[in-house]
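A.B. asks: Below are the chains, spelled out letter by letter.
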Amino acid sequence: MATTTESQNSVALLFDMFKMRATAVSAEVERVSSKALALEFIVRTLNKEDVEDKAGSHALWAASGFLDAAERAQLQSAVPGLRFEVTRELAAEAKVGISQMDWALANTGTLVQTADAVDQRLVSTLPPLHIAIVSTQSLLPDLPAVLARIDPRKSAYLAFITGPSRTADIERVLTIGVHGPGRLMIVMVDDLEGAR
Amino acid sequence: MNKEFKQSILDALANPNLGGALGRFSEAYRVSRAKAYEGVDFEAVRHAIAAVKSDAAGRLDELAEQFKSAAESRGAKVFRTTSPQAVRDYILDLARKHGVKSVVKSKSMASEEIHLNKHLQEAGIDVQETDLGEWIIQLAGQTPSHMVMPAIHMTKEEVAEVFSDKVEEGQQANIPKLVKFARGKLRPKFLNAEMGISGANIAVAETGSLVIVTNEGNARLVTTLPKIHVAIVGLEKLIERFADITPILTALPRSATSQLLTSYVSIISGPVPNTDGTPKELHIILMDNRRNEMSHDPRFKQALQCIRCASCLNVCPVFRLVGGHVFGKVYTGGIGTILTAWFNALKESDEIQSLCIQCGNCKDVCPGMIDIPDLILELRRRLAVEQGQPMVQKAIFSVVNNRRMFHTMLRAASLGQKPFVKQGFIRHLPLFLSSMTEFRSLPEIAAEPFRDRFKKIRQPKCAEKAAFFGGCLVDFAYPEMGEKLVEVLNKAGIEVTFPEGQTCCGAPARYSGAYEVASQNGADNIRALLEEDVKYVVSACPTCTVALKQDFIASLEAVGRTDELPAARKLAEKVVDFSTLVGQMIDEGRLRFKDDIPPVKFTYHDSCHYKRTLHAEQTPRRLMKQAGHELVEMQECDMCCGMGGSYTLKLPELSAPILERKLVNIEQAGAPLLLIDCPGCVMQIRGGLDKKGSKIKVEHTVERLAECLE
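Each protein sequence line maps, in turn, to chains A and B.
Residue numbering for the first sequence follows the numbering used here, starting at 82 and increasing by one per position.
Residue numbering for the second sequence follows the numbering used here, starting at 86 and increasing by one per position.
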């Protein structure tokens, strides 16, 4: 019987905490073991969400180095409405935005991204559904842990995302999805680099 | 008090949206805030924030320069100015230079402070607020009533009406639909605007970073889609080090909206590329508007520790009744009163400062550790110095200070009301005095004040002595409380003296800003109470206890009577409140409880000064449990009863509904006995329950303890 190492244990603890916190603020969390399974899950989701190759039904992926040409082509053949060329216009009408995040904070269920590239922000702000991919290895306990790893002098736009867009401005009633995405789907991948 | 102001209070009280919605919110807030802070050491976090912000407030100029050079080295343009006009002109010039026709804004209190929208609109620029609450009040032509939830005073029906009137007819009062409507209408505004204006929650000097905290995602759009981003930042947002954003980001969402973290936090440190590949124009305006001056004021410097969470509004017993608009047009509530006095003018705080009942709730929850009630008192003092005290008030103090005359007058008034006295209560008073008995009965003035009854008490000779400071209520209304106190202390082997030279504790003068009078009260009492060498100086009134222990020193210091401070400190060391002294005697085995006390269920009301200044509230609970009584805590046991000393006379319109909530909570606790450690609260609550015909017995802890001790 394989012995569980301490680090695996601590990852499990961090993931449990992350999932609890993120779902508590209405994010959806899916954990998969490999990049291939992550792509499969995303394809399934896009089809379920009726992503199509027509205005208002696209999915837009700010893939920036995450996918190679072959992978892109393969995904596009599975989901014809999927686009990789991020523009303001396409982002404004897209149904789904997809991006990769740099860290996940367990104790608040937060995703953190260096988002200097505007594509990263367009796909995570404008479409009603944002699918965020993040590596299980990037789980950190809390805010101080990530602040110690980021240097604002090196990244001009750091984005922290905790659940979907929300407001309680009318009668203090919590309502999801004002200006940003109404749904945040987090795909946490154990072996994100393995397939490369 | 100005008639218009009084009318604005009455209008707010008559508005059912305010009382209902804000009341429910403030009850829910207490619970959700506590939950959000689970596992977090709030005291440690707020000490950290206070240290960081206080350090920054001590060198605003230096940090502003550091911020400017850091941000500019990364490509931002930083404009520093003291004047609101210069901020408005800068933005307008920039807009003209770039041919800006439409602007989208995310929430910025600094822009509210300088009435930016009006200025830009007058120049023909379309300005769109995008925070939902801000958009609603912009459409309605109103001002924010709350720093975090600007439209909290409106119902969904009103919002639907505003949307129907101003945007598109036929909107229903359905919150998700209204929110969806806002999303749909504002989306093209974001996409078409040439300029985005935001505020910032934190500005980090060493890195030139802006930290922006939002939930709706509008700030992300405002800072991403338009090619120009202008951030208006009050100087108090500056901190030195990047790592120090942690305590602020820990407290701000928890205190503001009971969240562990808001949906979005954006940290912007320099321009980023636009969607067309051009670099964004990033302009950061560091606005002073008297913040620097404030930082040089030894008392008000701490107000710069504010992180604008608005928790002081959420826990305020007055705010939850009247909402924000009674306070003013920009910043509301306790901190708003202070900011208005500075950013506008001291005299503009003249009326609103009187809304503060000095309960201290806000001080307990403030993540910036600002002593808001104390700063409001300081405003009162400065206003009294600037404007002088009204004649009536002066006349009152001259009577209050002469104890014998005071009692004689009260007694005469009471005899005059003889027909109204029934079973020890005055239930109605005629004409102009009627507001005093409208919502609670008043105690009958004692035929013989405690000072005269004291002389008839036979006491054993004891080795230890305590001087009793009676205070007006025990002396003139509840002398029996004083008699019980002597009885209990005698049982512990303490002989009680009642120095005849004692006078008013000075609280009424101090809480009216009349520090000269208060310090003279202090000096007279110090002399009287230190005349004989006693071990303790004991009081059964928390307000008097606080006066003896802390306020004499503060008042003497404030008026520069420093020679008298050593004596004031000597007195302070001897002062102890009654229940705390009994607790000590029980622990030392000098007092013990009777064995045959019939167990009684009781509930306990925390008096404001007793809990939040003296921190003594656990002792009476413990003692009564030791006596075999069963404690049933009421809802909001530490919420003010609405007495607030002379507050109940000045603002009976507010005192009454605050009391009403208290009475409901007392009755719902279902205990036949209510214990309190303050004769002022006893007067208010006993009177309120009597008026309602309630059977619940209200006692000062001293009365119950006298029955329970051997």
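These are calculated hints, taken from the structure and not from any lab test.
Keep in mind that this is a model prediction, so the values were computed, not measured.
Quick reminder that beta carbons are idealized off the backbone N, C-alpha and C, glycines included.
Hints may contain errors.
Keeping only pairs whose Cα atoms sit at most 30 Å apart, straight-line, the calculated DSS-like set for lysine-lysine is [stated by the list, open to error]:
hint : chain 1 : residue 1 : chain 2 : residue 2
1    : B       : K270      : A       : K135
2    : B       : K776      : A       : K135
3    : B       : K265      : A       : K176
4    : B       : K776      : B       : K686
5    : B       : K710      : B       : K576
Across the chosen pairs, the derived CB separations fall in these ranges [to be verified]:
hint : chain 1 : residue 1 : chain 2 : residue 2 : range
6    : A       : R230      : B       : S117      : 26 to 36 Å
7    : B       : D382      : A       : R234      : 52 to 62 Å
8    : B       : D174      : A       : A136      : 40 to 50 Å
9    : A       : R234      : B       : Q206      : 32 to 42 Å
10   : A       : S115      : B       : H183      : 12 to 22 Å
11   : A       : D272      : B       : V717      : 55 to 65 Å
A.B. asks: Are the hints correct? Go through all of them and say.
C.D. replies: Evaluated hints:
| no. | hint | in the structure |
| --- | --- | --- |
| 1 | B:K270 x A:K135 | 23 Å, holds |
| 2 | B:K776 x A:K135 | 72 Å, violated |
| 3 | B:K265 x A:K176 | 16 Å, holds |
| 4 | B:K776 x B:K686 | 23 Å, holds |
| 5 | B:K710 x B:K576 | 20 Å, holds |
| 6 | A:R230 x B:S117: 26 to 36 Å | 31 Å, holds |
| 7 | B:D382 x A:R234: 52 to 62 Å | 35 Å, violated |
| 8 | B:D174 x A:A136: 40 to 50 Å | 43 Å, holds |
| 9 | A:R234 x B:Q206: 32 to 42 Å | 38 Å, holds |
| 10 | A:S115 x B:H183: 12 to 22 Å | 49 Å, violated |
| 11 | A:D272 x B:V717: 55 to 65 Å | 57 Å, holds |
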